[in-house]
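These protein sequences, in sequence, are chains A and B.
Using my numbering, the first residue of the first sequence is number 1, and each one after it goes up by one.
Using my numbering, the first residue of the second sequence is number 1, and each one after it goes up by one.
By construction, these hints were calculated from the structure, which means they are not laboratory data.
Since we're looking at a predicted model, the values are computed, not measured.
Possibly wrong hints are sitting among the right ones.
Said to hold, decoys possible - Label pairs and their calculated CB-CB ranges:
1) B:Ser94 with A:Glu367: 43 to 53 Å
2) A:Ala439 with B:Glu111: 42 to 52 Å
3) B:Ala114 with A:Arg242: 29 to 39 Å
4) B:Ser118 with A:Arg436: 42 to 52 Å
Positions of the beta carbon are idealized from the N, C-alpha and C atoms, including for glycine.
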Amino acid sequence: MRARIVPAAHIEPAEVQALSRLTEDRPEAALVSLGADCAREQSARVCVALGEVHEYAGEIPAALACYQAAFAADESSLVAATRYARLAARAPSAADPAELERISTRGVAAANWTLARIALAGGRTDEALLQIDRFLDSAAAGEPGIPEARAARARMLRANDDAARIRSRQRLAAAGIGALALLVLLLAWLRGKSVARALARRPRLYPAVARTVGSLRHDVLKHRASVLSAAAEPSAREEVARALLLPEPASTAVARAYERLREDARAQGVLLRRLSREPVFGPLVSDLLAAERILRRGGKTASLVRIDGRMHEVHGPRLATLLKQGPRTLVDASSLSDWIHGVEAEVRRGGAGWTAPSVLLQGMAVEFPVEREALATIFANLLRNAQAAAAPGGRVLVRLGEERDAAGRSVHVLLVGDSAPGDITLEEIESRESGRGLAIVRDLTREWAGHVVVRSEEPPLRKAVGACFPSQGASA
Amino acid sequence: MKPRWIVCEDGDEYLTRFSRFLGDRFEFTPASDLSGALAAAPGAQGLLLDLDFRRTDPARLVDESGAAQAQRAAGERARLSEVQGILILRALRSRGVRLPALLCADLDDAERTARLQSDLAPLEIVPGSEGVFAIAERMRRAAGE
Numbered sequence: 001m002r003a004r005i006v007p008a009a010h011i012e013p014a015e016v017q018a019l020s021r022l023t024e025d026r027p028e029a030a031l032v033s034l035g036a037d038c039a040r041e042q043s044a045r046v047c048v049a050l051g052e053v054h055e056y057a058g059e060i061p062a063a064l065a066c067y068q069a070a071f072a073a074d075e076s077s078l079v080a081a082t083r084y085a086r087l088a089a090r091a092p093s094a095a096d097p098a099e100l101e102r103i104s105t106r107g108v109a110a111a112n113w114t115l116a117r118i119a120l121a122g123g124r125t126d127e128a129l130l131q132i133d134r135f136l137d138s139a140a141a142g143e144p145g146i147p148e149a150r151a152a153r154a155r156m157l158r159a160n161d162d163a164a165r166i167r168s169r170q171r172l173a174a175a176g177i178g179a180l181a182l183l184v185l186l187l188a189w190l191r192g193k194s195v196a197r198a199l200a201r202r203p204r205l206y207p208a209v210a211r212t213v214g215s216l217r218h219d220v221l222k223h224r225a226s227v228l229s230a231a232a233e234p235s236a237r238e239e240v241a242r243a244l245l246l247p248e249p250a251s252t253a254v255a256r257a258y259e260r261l262r263e264d265a266r267a268q269g270v271l272l273r274r275l276s277r278e279p280v281f282g283p284l285v286s287d288l289l290a291a292e293r294i295l296r297r298g299g300k301t302a303s304l305v306r307i308d309g310r311m312h313e314v315h316g317p318r319l320a321t322l323l324k325q326g327p328r329t330l331v332d333a334s335s336l337s338d339w340i341h342g343v344e345a346e347v348r349r350g351g352a353g354w355t356a357p358s359v360l361l362q363g364m365a366v367e368f369p370v371e372r373e374a375l376a377t378i379f380a381n382l383l384r385n386a387q388a389a390a391a392p393g394g395r396v397l398v399r400l401g402e403e404r405d406a407a408g409r410s411v412h413v414l415l416v417g418d419s420a421p422g423d424i425t426l427e428e429i430e431s432r433e434s435g436r437g438l439a440i441v442r443d444l445t446r447e448w449a450g451h452v453v454v455r456s457e458e459p460p461l462r463k464a465v466g467a468c469f470p471s472q473g474a475s476a
Numbered sequence: 001m002k003p004r005w006i007v008c009e010d011g012d013e014y015l016t017r018f019s020r021f022l023g024d025r026f027e028f029t030p031a032s033d034l035s036g037a038l039a040a041a042p043g044a045q046g047l048l049l050d051l052d053f054r055r056t057d058p059a060r061l062v063d064e065s066g067a068a069q070a071q072r073a074a075g076e077r078a079r080l081s082e083v084q085g086i087l088i089l090r091a092l093r094s095r096g097v098r099l100p101a102l103l104c105a106d107l108d109d110a111e112r113t114a115r116l117q118s119d120l121a122p123l124e125i126v127p128g129s130e131g132v133f134a135i136a137e138r139m140r141r142a143a144g145e
């Protein structure tokens, strides 16, 4: 019945013989039975048989060659293709990828698995993953290699995730480093204070600022930049250029003055901004540079006129504003009393006699354009000097007030008088060695743009020594 | 005949600049101290003063009374030199010199400016950064041209 329904497969006698030899475990004899060489024109069947014998004998390259020959002889022979693909999976290095590709197009899933292994061995994970997916999609249940393919796929996906995470971390780290570098650059660029802010933080910087501003207003704005207004006259151009460029460009003079100020500030623990970022000095130099460039190379007169306008409408007022930002110390009866008690305690500790001073304070308080500590030091030295001079039973007078000098300036005056006989002159104070008593008064007063004064007093007092400080702002 | 102005300063910056730019309209006579200004005053149309005279020989600086002294303490010299232009003008006024005056100074104090212009009239305070032609216009006006 079976013979009627299923036609008997046609088996070549050589195959029968070969099978017989194989059962005797004599593959070489089996090969002889089949003709030994699948390269010669053989039928696909025989080639497959030869391949099986070679495979049995562990001769994988030869087996692959025979299966390949069988597939070439009959491209419809899925048996040969499947055998080739499966055997190649066991020895991917011996397989021909092109042949496998061809086989895979015929729907032989094993070819995809082999191609996946070849790609994996070559480190081409994306390609391997693609082939594994094709293999798993098309493989029949029970197809050899399915569990391994699944495991490899899971491994690759995990590795891909890990790699993606690492890449992400690396990108984040790189971005972080970049941002940090930018931040450092930005901070380096931004660091430092404007002169106005530095003054607010370190009032002792004021004398240096006042000197710098005063000299720039006098030497640069007044005597050099003011000629810019004449630039509109063509015949005057050369003269204007000379005034602005010689003996050195005005911009260089300003830049140098600012650098000196920066050094003074650094000595006091304050870092001033770079010149280009300083809101008062930077634009001034920038305008001067622009004017100098026009004068050197020739340019529009209108630009020079505009710069001239900025000199007295912008830069002059800005510099003047800086002069008004110095410290002010309000001295009233209470603070004066504290200072006096401080000196008294010190004098008594030294065992000297103490003469309680009378105080004449104009108004409720007097505001000095001087930093508090400097003013307190000046006062203490004046009072100590008067105490030392006044004999026991003598008189000491402290006088604070405001007056106008002959130049019309509002001047803040601090005087300490005594009844001691003998005069003192400004020359004597000038000639004293620095570091003690009235020499400290002299040096600090000068530092804060003030003047030491010696005045006569009405009896029973005789003289008063003190310091006068003009209001901030007046200069060039 | 060009109007003559006295230029009183401790250097020659103003004189050079004015002679160069305004020489065709004005004649300028230099004066470096009070005595020079006094000597040049007769026949002059006006007086232009700088404020700061720190380069002047200290012996020629005048004080509030208009007196010069050969010997002065360094602090006193500094005090006088930084407002010498005003002190010279004050001394000139006290000696009867009524020439219109321009004082080139950045005083930064409106009250002080007004007071000086009133006390030492006829006087105009000229901002230091003012250009030569603007100053020339002031000179022309001050001299009543």
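Now the hints, each set against the structure:
no.: 1; hint: B:Ser94 with A:Glu367: 43 to 53 Å; verdict: 32 Å, violated
no.: 2; hint: A:Ala439 with B:Glu111: 42 to 52 Å; verdict: 35 Å, violated
no.: 3; hint: B:Ala114 with A:Arg242: 29 to 39 Å; verdict: 37 Å, holds
no.: 4; hint: B:Ser118 with A:Arg436: 42 to 52 Å; verdict: 44 Å, holds
Consistency note: the structure conflicts with the earlier hints numbered 1, 2.
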